[in-house]
Amino acid sequence: MIAKPLALSLLLGALAVVPAAAQVKIGVVTSSSGPIALVGIPQKNSVALLPKSAGGQSIEYIALDDASDPTATVTAFKKLISEEKVDAIIGPSGTPNAMGVINFAAESGTPMLAPVGSAAIILPMTEPKKWVFKTTQNDGLVADKLIEHMVKTGIKTVGFIGTADPYGDNWLKVFTEGATAKGIKVVTAERFQRQDTSLTAQGLKVTASRPDAVLIAAPGSSSVLPETTLFDQGYRGKIYQTHGAALPDFLKLGGKKVEGTILAASLMLVLDDIPDTNVSKKLAVDYVAAYEKAYGTKPATFGANVYDAGLMLQSVIPVALKTAKPGTPEFRAALRTALEGVKELAGTQGVYNLSPEDHSGFDQRGLELITVSGGQWKLLK
Amino acid sequence: MNMQIVMLLGQDGVTNGAVYALLALSIMLVFSVTRILLIPQGEFVAFAALTMAAMQSGRAVQLGWLVFALAVVATLMDAAKVWRSKGREPWPHGTLGLLAVAALALVLTKVLPLDRIGMFAQALLTIALVVPLGPLLYRVFFQAIAAAHSLVLLIVSIAVHVALVGTGLLMFGPEGGKTEPFSDAFFEIGPAMIASQTLWVIAATLALMGGLWVFFGKTLYGRALQATAVNRLGAELVGISPDLAGRASFTLAAAIGVLSGILIAPITTIYYDSGFIISLKGFVGAIIGGLTSFPVAALGALFIGQAEAFSTFWASSYKEVIVFTLLLPVLVWRSLAHTRVEDEE
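Protein chains in written order, with the working numbering: chain A, 20 to 400; chain B, 5 to 349.
The shape of chain A in the complex, shown without the other chains (with noise of 0.2 angstroms):
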């Protein structure tokens, strides 16, 4: 009796299987239900806009829902690697998530493309982490550039509220180095779960210690409520967010109380004010255009980094294809050193210049600050 309810939320996790005339197999993983579900539906929608083709050769994705859970992602991986022999794996969507399966991607020696936000799956570089590519930008790109704005406007302290989970943590080390290097002051750092009903007591602590800024730190739509109950709390300081709050939700639910917020993320959500000689404008309006086509909404930049792991494979499979036959293991190896040797690649979140040290390989120029003005994301001038 309860089959009802629950074939309908097992569809969620469907698979999206493309035909199978392939010769490149690519795996994805993401975790579009549980809790991380806001960051893994617009990864997985991304999928069927992924590059279908790279040098001659068609390229197959096989698309996998891990549910949020990390030994769900490490089954994924094992199904992957084991049974459908895939070339490569983008995913999985969250941290720990991706800590769990680094070694399983190693050992079978299977490139992993991880849209995830800390850059502890790829730093400090060890053997396993070898296998590990980055298609975001790491926490400290972002913290610099927020740090060096409040630089800049004259902040001296500020306050931090942050999600008590990896996202926040990571934020809380980053910014906290970052900003003591430059003589800011973090007066206190509040944490709270994305559930939370109320956040007044973390308001209140904040206001009360009277900071310059705050920084807000949370994935998703949990970035709004610190900032509207700061808001209610009468606190009219400057507001930074992170490039977790970059997505259509923030504005819908902050409404006028975020007026004025600052943060740093990439060009995607101020397409129109950005000169069309970058090179990732015109990417980043085609993907955005082809993804509004087919699901009828904006995507949020968590998409992105999955579309822009599809470009990158794009880009040095044919490399790859010298080599060897796709579906072995030196296809494979080719395929992690061509990854390496990624230069000056245009994707819609940036320019990547991959490294054997580096294997993120984003620059200042994927980032935007961008403010909210008049209900609509604003390029800061």
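Where hints are given, some of them may not hold.
[What the hints assert, rightly or not] Below, simulated DSS-like cross-link-like pairs (lysine-lysine); rule was C-alpha separation at most 30 angstroms, straight line:
(1) B:Lys114 x A:Lys317
(2) A:Lys300 x A:Lys397
(3) A:Lys317 x A:Lys204
(4) A:Lys271 x B:Lys114
[Unchecked claim] Per the computed footprint, the stretches of chain B lying under chain A, defined by three or more beta-carbons under 8 angstroms from a beta-carbon of chain A, are:
(5) 174 to 187
(6) 291 to 297
(7) 320 to 328
[Unchecked claim] Computed beta-carbon distance windows for the label pairs:
(8) A:Gln395 x B:Phe190: 27 to 33 angstroms
(9) B:Phe190 x A:Arg384: 44 to 50 angstroms
(10) A:Gln395 x B:Val325: 38 to 44 angstroms
(11) B:Val156 x A:Glu196: 49 to 55 angstroms
(12) B:Asp119 x A:Arg384: 36 to 42 angstroms
(13) A:Gly253 x B:His153: 50 to 56 angstroms
(14) A:Gln252 x B:Ile281: 20 to 26 angstroms
(15) B:Gly101 x A:Lys397: 50 to 56 angstroms
(16) A:Pro337 x B:Ile281: 45 to 51 angstroms
These aren't lab readings, by the way, just hints derived from the structure by calculation.
Note that beta-carbon positions come from the ideal geometry of N, C-alpha and C, so glycine has one too.
Go by the hints and put chain B onto chain A.
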């Protein structure tokens, strides 16, 4: 920590505590009548809040399909029961009414311009959409096993909860929802500002509790429910249908959950899976009341709200740890205070 902060935290604690108290009451109500620990109680809250939020932001409301589908299943189950009994059993009351309400609500959500019909109409439509979910869940998942061991009921209850959360993700998406406040007014009392939404929550809670007291003390149906809670078999012998009692308690629980959802949706961002943690705190309140005493449960829930607000202020990372650890001394005290052996069944 000055007076103003104490006042603000206290206000926050009372608001949350009031909602926990309502949920504690409905969890106890359902448990005493049907022996089911209603884990999906939180889903009524989340679904109501998200339905309301979807209406206000002009998105399509999908919940009607789920309710309608459940109503169809319930009707088919009734029909199968009547058919198998070869006409000896009468056609049961209620399910066809629920089917009609579900169909009407579904049609209304599809034809009305939902974002422009005003907050009151949106709230009414939300009630019409979500409340039938209560009796339908009972009819489809619990009625056939109403006499089973309470462990079986608990397991089914958890299964229903998990299924509903999954369906919730499908219907509402992973992002949170928030609604417009009933009014933006603030009142200054001493050093603190009191948001009018807080007063709404407290007033509605008191009104609901008063209403429940009158219902159980003065009306025939209320007394029938109470009789079932006191002694199931005895109540059945004097002609109170256990099916009816089960459905009525689920309807009340759903109604209370929906009202809580509508009340807190303007204060906070609700996600498809927010309901569980809210109802868990209501459950802690109910435990403090020993799942039997309504006033103690309400006080317990208020205490949880305060403990939560103040522990968050002192150590926000350990908030949940502190709140749920508080349950331990209460359990110890209760097991010491009640030496009577609880008889299962």
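Cross-check of the supplied hints:
no. : hint                                    : verdict
1   : B:Lys114 x A:Lys317                     : holds, 24 angstroms
2   : A:Lys300 x A:Lys397                     : holds, 15 angstroms
3   : A:Lys317 x A:Lys204                     : violated, 37 angstroms
4   : A:Lys271 x B:Lys114                     : holds, 23 angstroms
5   : 174 to 187                              : holds (count 7)
6   : 291 to 297                              : violated (count 0)
7   : 320 to 328                              : holds (count 4)
8   : A:Gln395 x B:Phe190: 27 to 33 angstroms : holds, 28 angstroms
9   : B:Phe190 x A:Arg384: 44 to 50 angstroms : holds, 46 angstroms
10  : A:Gln395 x B:Val325: 38 to 44 angstroms : holds, 41 angstroms
11  : B:Val156 x A:Glu196: 49 to 55 angstroms : holds, 54 angstroms
12  : B:Asp119 x A:Arg384: 36 to 42 angstroms : holds, 40 angstroms
13  : A:Gly253 x B:His153: 50 to 56 angstroms : holds, 55 angstroms
14  : A:Gln252 x B:Ile281: 20 to 26 angstroms : holds, 23 angstroms
15  : B:Gly101 x A:Lys397: 50 to 56 angstroms : holds, 53 angstroms
16  : A:Pro337 x B:Ile281: 45 to 51 angstroms : holds, 50 angstroms
Checked against the numbered hints above, the structure violates hints 3, 6; every other hint is satisfied.
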